[in-house]
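Student: Residue strings, one per chain:
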Amino acid sequence: MSEVKLRGWASPFRFFAAASASLTLCLSLPSLGVAQSVGTANVKNVVVVYSYESVLPANVIVDRMLRENMRVAAECQIEIYSEYLDTARFSSAGHLDRSMAHLKEKYSDRSVDLLIAGGIPALDFLLSRRDSLFPDSPLMYCCIDSKRVEADKSLANLPGVQMRVDPVSTLELAKALQPDANRLFVITGDSNRDHSWKMQAQDRLSAYQREFQIEYLSGLPLEELLQRVRQIPAGAIVLFLLYMQDGDGHHLFSPEVLQQVAERSAAPVYGVYNTYHGNGIVGGNFATFEDLGKETAELGLQILNGTDPIEASAFKQAPVHNYLDWRQMQRWGLDQSRLPSGSVVDFRQLSAWERYPGRIVAAITIIVFQTAMIFVLVLQIRQRRIAEQSRLASQHIVQRQRDELARVNRVTTVGELSTSIAHEVNQPLDAIVTNAQAAMRLLRQSPTDTEEVAAALHDIANEGNRAAGILNRVRSLARKEQPISEPLELNEGVRDVLRLAAPDAQNRGVVIHQEFDDALPSIMGDQIEIQQVILNLLMNAAQAMQDVHPESRQITVRTTHDARFVQLTVEDGGVGLADDQLRRIFEPFYTTRPGGIGMGLSISQSIIQSHGGEIWATQNADRGATFHVRLPIASSDALNLTNV
Amino acid sequence: MPSKIATVYVVDDDEAVRNAKARLLKSVGLQVEVFGSARGFLDHERADVPGCLLLDVRMPGLSGLDLQQELADSEDDLPIVFMSAHGDIPMSVRAIKAGAVDFLPKPVNDQKLLNAVGQAIDRHVLLRRNHSELSDIRARLESLTPREREVLMLVVEGLMNKQIASRLSIAQPTVKVHRRHVMEKMGADSIANLVRMVEKSGGSTPKG
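Same order as they appear, the protein sequences are chains A and B.
Mapping of the first sequence onto the working numbering: residues 9 to 652, in sequence order.
Mapping of the second sequence onto the working numbering: residues 117 to 324, in sequence order.
Just so you know, these hints were derived from the structure itself, not from any lab.
Please note that a few of the clues may not be correct.
[As the list claims (entries may be wrong)] Straight-line distance between alpha carbons at most 20 Å, and here's what the computed EDC-like set of lysine to aspartate or glutamate pairs gives:
(1) B:Lys142 x A:Asp174
(2) B:Lys142 x A:Glu460
(3) B:Lys142 x A:Asp139
(4) A:Lys302 x A:Asp139
(5) A:Lys112 x A:Glu83
(6) A:Lys183 x A:Glu219
(7) A:Lys114 x A:Asp139
(8) A:Lys324 x A:Asp174
(9) A:Lys302 x A:Glu87
Predicted, not measured: the structure shown is a model, and the values here were computed from it.
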C-alpha cells in the first residue's frame, strides 16, 4: 500500500455532486488478472473507483449508466464492482493507503479486466498506485475536466471521457436570456478547489470586463453569502461555480448551498454543473452525468473488446448542451424564445392537461354532456312554459271570443225579442199613464175619492218598478262583463227569462207551461249565461212551432233534480228533429231555420260545458223535440265560500 | 141616457193594465167589468145592456182578434175598441175591417180612449135599437098567414087588388079582406109604411 495524496483541493467531507464528481475507473484485463479463482473465462470484471461517497448523485447516475449500458451491450458477462474513496470526508493520506491495501486484498482472488477512475482524486489515486495495485489492468477515466487533461501530459495517452466545465458558455447562455444585464456576480467557496475555480473564472471571464461589472463573492461564510445575495440588484446575473467549503471552514454540499442561494437571490442564478440543474439555477452549459456515464460505458466496452487503449484514448466528450430549468425561467420571467437553439428545458411543470389528459377529457366530456343536458332541460322547460303561456293565452283568447260570441248571441236574441220587449215595457207604461190620467180625473171630481187616487198612485209606482226591472233584464243580457260563478236558483232564472220571452211566444200563439221542481238545489254559474241558454231554448222551441197547428203550439218548461244534477227540459210540439239534425244541431252555423245563423245552440253548448254540465236533444214520441240541460248541483263548500 | 147603464168590458191579460183602464172608465161614470182572458169574457153571462169591449190584441190563448172573430160568428154586435202595446199596422187594418170601432196604441191617451169607448157605446145603443125594431117587424111578419104573406109581397110590388086576385086565382073581395088583415097585423097605416118595413126586414118575406 503506497500512500496516495489526494490531489487538488481535498475537501474534508462530502462532495458536491456533479461538479467534482470525477470517477476513477479501474479496469483490469483478464489475462493480467492476479487470481482467477472467481468467475469463468467469459466473465470480465470491471472495477470502478469513485472519488467520493456512494450516495453522491453524480456517482449514482454514472454507476447506473455503466451497469445498464455495459451489461446490456457486452457479449460476455461483465461484473461491475464499485469502490468509493470518499476522499472528501477522509482526506488524509493514510486513508488512501488503507483504501489501497483494502482493494488489493479484496481483489486478490480475481482478475480485473478494466479499471475506471471516476473523478480527479480517484484518477490521481490510481495513477500513483496503479503499479502496486492493479499493474496489468487497463485504466480509463471518466468525468475529468478537459482543462486538467490538457494541462497534465501524463494523461495524454490515457483513454477516458472528459468533462468540459466552462463558465463562459454558461455566461453566454445567461446573456442570451438577460441581454440587458450589466452586472455579474460569481460565487465560489473557500476550499482549495473553490479558489482554483475562482482563479480559473477570473482568467476566463476577463474578456467580459467591459461588458459587466464583475463581482466575486468568494470564500464568504454561508450566512454572509446568503445575506449578500439578497442585495444583488435585480437584472444582474449570478454565476454559481462551486461552494465546497465556506469562510468558516464548514464542509458544504454545493447543490445544497446553491438551493439556499437561489432561494434568496434577487437575480437569476446560473451554474456550471449538471448536478445544479434542478436545484435553483436557471440553467447552464454542461454535459449530463447520464451522457458521461453512457460514453464511459461505450469506451469501456471498446477496451474490453480489445481495442488498443492508446487508440481508444482519443478522448471522448459527452455532448454539452444548454440545460434550463423551466420553473426558474418562469420565476424570473425569462423569455424562452431567446434561448439558443438546441437548448434543453427540463422540469417543465406539466399542466393539468398534460398530466391527466384522459381524466380531463372525461371530465370535460361529462361537463359538456351535463351542460348540454341542462341546456336541453332548460330549453324544454322554457318551451313548455312558452307553450303553456301561449296555451293559456290562446285559452284566454278562446274564452274571450266565446264570451264575446255569447254576448253577440244575447244581443241578437234581445234584438229578435225587441218587439216583445217593447210590448213588455209598454204594458207598465200604459198602466202608469192610464192610472195617472184616472187619478187626475178623480181629483177633479167632488167629492174626491182619495182612496182610489191613492190606489192609482200605488199602482203607478209598482208599474214604474216593473218597467225598470224589464229594462235591467234586457241590459244585463247585453252586458259585457266576464262571466262569474255564483250560486243560482235555476227556477228563478227560468221565470226571469219567461217574463221576457213570454210576450213573443204569445204573439206566436204559443202557450208555455211551467212545471217547476220547488225543491231544486242551487247550482253554481253565471246568471246571465244560464238565462241565455234558457232563452235560446225557448226561442228555438217557439220558432220550431211556427208552422204547426195552433193547438200544438205548446211548450213545457220543466225543472227536476237528482242527487248530483239539476235538470231543465224544454219540450215543444214543433216539427221535431231528424236523426241527422239531432246529431248536428249543436254544431256552429248549423241551422234548420231559414234566416238563422246557427249559433244559438252552439253557444248554449259551450256555456253549459263551461259550467260542467251537458246539453242534448231528443225527439219526442208524439211530436216535437225536447232539449235537456244538466248542471251539477253546487257543492256545499262552494255555497259556503260564496256566502262568507 | 144610455151611458148611465152602459157597461165597458175590459179584456187584458195584464192585470195592472186592466185595473188602470177600469179605474179610468169608472172615473167618468161608466160601468166596468174586467176579464183576464178572452175565454173568461166569452164564458161570462152578459147583462142585456148597451156597452162595448175594450180589448187587448195580444193575449195568451185566444187573442183579441180571435175574440172578435168569435163574436162575429155568433152575430154578437158588441162594438170593440182594440188596444195594443205595439203598433202593428196589418193587425189594426184587419181589426178595423172586421168592424172594430178603433185601434189604440198603448200607452193610450185617455181622451182618445174615452172618445172611442163613447163612440162604441153609441153605436151599440143604435144597433140595439135597430135590432129591436127589426125583431118587431119580423115578429109581425111571422104572425101573417101564408096567404096574407103572399098578398103582402104582391102589394109591396105595387099590384092592384084585381091583379093580385088574378095572380093568386082568388076572388077580388077576398084579396081585400087579406089586405086589410095584413095592414092590421103589420101595424102599417099606409102602403109606403108597409113597404119600408118589408125592406128593413130583408127585402122579402119568408115563404110559407
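Student: For every hint, state whether the structure bears it out.
Tutor: Hint by hint, here is what the structure shows:
1. As the CA atoms of lysine 142 of chain B and aspartate 174 of chain A are separated by approximately 151 Å, the hinted pair breaks the 20 Å bound.
2. Distance check on the hinted pair: lysine 142 of chain B and glutamate 460 of chain A sit about 10 Å apart at the alpha-carbon level, within 20 Å; holds.
3. At roughly 176 Å between alpha-carbon atoms, lysine 142 of chain B and aspartate 139 of chain A are farther apart than 20 Å, so this suggested pair is violated.
4. For the hint pairing lysine 302 of chain A with aspartate 139 of chain A, the CA-to-CA distance comes to about 28 Å; that exceeds 20 Å, so the pair is violated.
5. The straight-line distance between the Cα atoms of lysine 112 of chain A and glutamate 83 of chain A is roughly 28 Å, outside the 20 Å bound, and the hint therefore fails.
6. At most 20 Å may separate the alpha-carbon atoms for a hinted pair to count; lysine 183 of chain A and glutamate 219 of chain A meet this at roughly 10 Å.
7. Taking the CA atoms of lysine 114 of chain A and aspartate 139 of chain A, the gap is near 16 Å; set against the 20 Å cutoff, the hint holds.
8. In summary, the hint linking lysine 324 of chain A to aspartate 174 of chain A is supported, as the alpha carbons are separated by about 17 Å, within the 20 Å threshold.
9. Proximity of lysine 302 of chain A to glutamate 87 of chain A is assessed by CA-CA distance (about 17 Å); at most 20 Å being required, the pair is judged to hold.
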